[in-house]
Amino acid sequence: MSVVEVAPSTELAIDAARLAPGFGDPVHDAQATFRAVLDAMAHPGRLVELPARLAAPAPLGEAAIAVVLTLCDVETPLWLDPGLAPSADYLRFHCGVPLTSPDLAHFALIGDPHAMPPLDAFALGSDEYPDRSTTLIIEVEQLQAGRGMILSGPGIADTARLAVSSFPERFWAERQLLAELFPRGLDVILTCGSLLAALPRTTRVAA
Amino acid sequence: MTSLEAATRQRWLAVLARARLSELESAWDSLAEKPAYSLLRPTETGLAMVRGRVGGTGQPFNLGEMTMTRAAVQLRQEGGKAVSGFAHVAGRQARRAELVAVFDALLQVSDRHDAIAERVIAPLAARQSADKAAFARKIAASKVEFFTVVRGS
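If you read the protein sequences in the order shown, they are chains A and B.
Going by this note's numbering, the first residue of the first sequence is number 43, and it counts up by one from there.
Going by this note's numbering, the first residue of the second sequence is number 36, and it counts up by one from there.
Worth double-checking, as some hints may not be accurate.
[Said to hold, decoys possible] Example chain B residues on the side facing chain A (calculated, C-beta under 7 Å, incomplete):
| hint | residue |
| --- | --- |
| 1 | Leu-75 |
| 2 | Arg-76 |
| 3 | Ala-117 |
| 4 | Ser-119 |
Since the hints were derived computationally from the structure, they do not count as laboratory data.
Remember, it's a predicted structure, so these values are computed and weren't measured experimentally.
Don't be surprised by glycine CBs; every beta carbon is placed ideally from N, CA and C.
Required output: the full structure, derived from the provided sequences and hints.
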């Protein structure tokens with residue numbers, strides 16, 4: 043347990059009526075979710091089912107919430123899509139995560155991919171510390187493996203296919219431009235309900 | 036929450052946090068209508084850093100860590116509005132923290148506040164202040180007055 047934080051002003055006070063329970067078994071559920079994220083990151087394009095059960099507060103899916111509960115804490119500033127403001131109290135209560143701007147965020151949680159800022163608005167890391175980049179967690183309408191875009195790169199034996207429905211075209215163009223900056227770049231976790239898939243910066247995407 | 040409401044809540048939480056487990060259990064047993072509640076997060080025991088200031092005004096320093104248990108519960112009411120109760124108690128009694136949190140939530144429900152403030156909080160506060168007074172008397176009885184005879188001048 044961390045030291046209990048005391049909200050310094052009433053503006054930061056959490057609206058307790060909005061809270062909902064988080065992981066039923068925080069330690070084991072977070073470990074299982076971490077393993078699922080690791081699996082997804084190691085095999086880009088693979089769909090991984092969330093191993094823990096969670097009643098996610100609307101509008102986010104349980105996989106997106108579980109990833110944030112697992113990876114974020116008081117030391118990892120999070121940027122929340124303005125549309126997700128109702129989830130802020132829930133996340134601050136359960137993981138004590140501070141909210142910040144896209145360029146300072148270690149993680150960004152995005153509920154509406156069409157309204158997200160351009161990719162270069164996020165932290166891309168530096169050549170010395172490429173890990174100091176923002177990891178994007180994006181909730182999408184539908185995720186399907188085995189068809190759609192062709193993925194290749196580390197972690198993929200030959201090619202993998204992943205279909206992401208209703209996703210902005212500009213994302214892929216912007217991601218393509220970031221590839222030149224390697225090792226700087228952005229890692230992306232796509233979530234849909236209880237499913238998640240990862241697109242690390244090393245994965246090449248072709249239509 | 037206004038500062039007045041916050042002060043009122045701090046008072047009842049202070050009384051509840053000092054109550055013994057047996058007192059809380061008997062208060063819970065005597066409730067005519069026991070509310071259904073769920074845990075917002077599992078009740079857990081950990082350490083909290085206690086900070087102090089010499090004389091109440093000096094630089095703050097870390098006095099040491101103490102064991103404490105925290106609980107967060109939520110009551111679902113008929114109207115659908117949720118009420119959350121929180122507790123931080125010294126020690127490792129999870130049940131005690133949970134009961135404190137449940138009473139904190141109940142005290143925020145306007146139809147139940149008065150009955151609980153009267154039947155639970157008032158007796159506990161009376162017992163605690165009586166204990167404190169008895170202890171103060173016992174200490175006062177052992178008080179030694181020192182007199183110095185001033186010599187010369």
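- Query: Which of the stated hints cannot be reconciled with the structure, identified by number in ascending sequence?
  - Reply: Result: no hint breaks.
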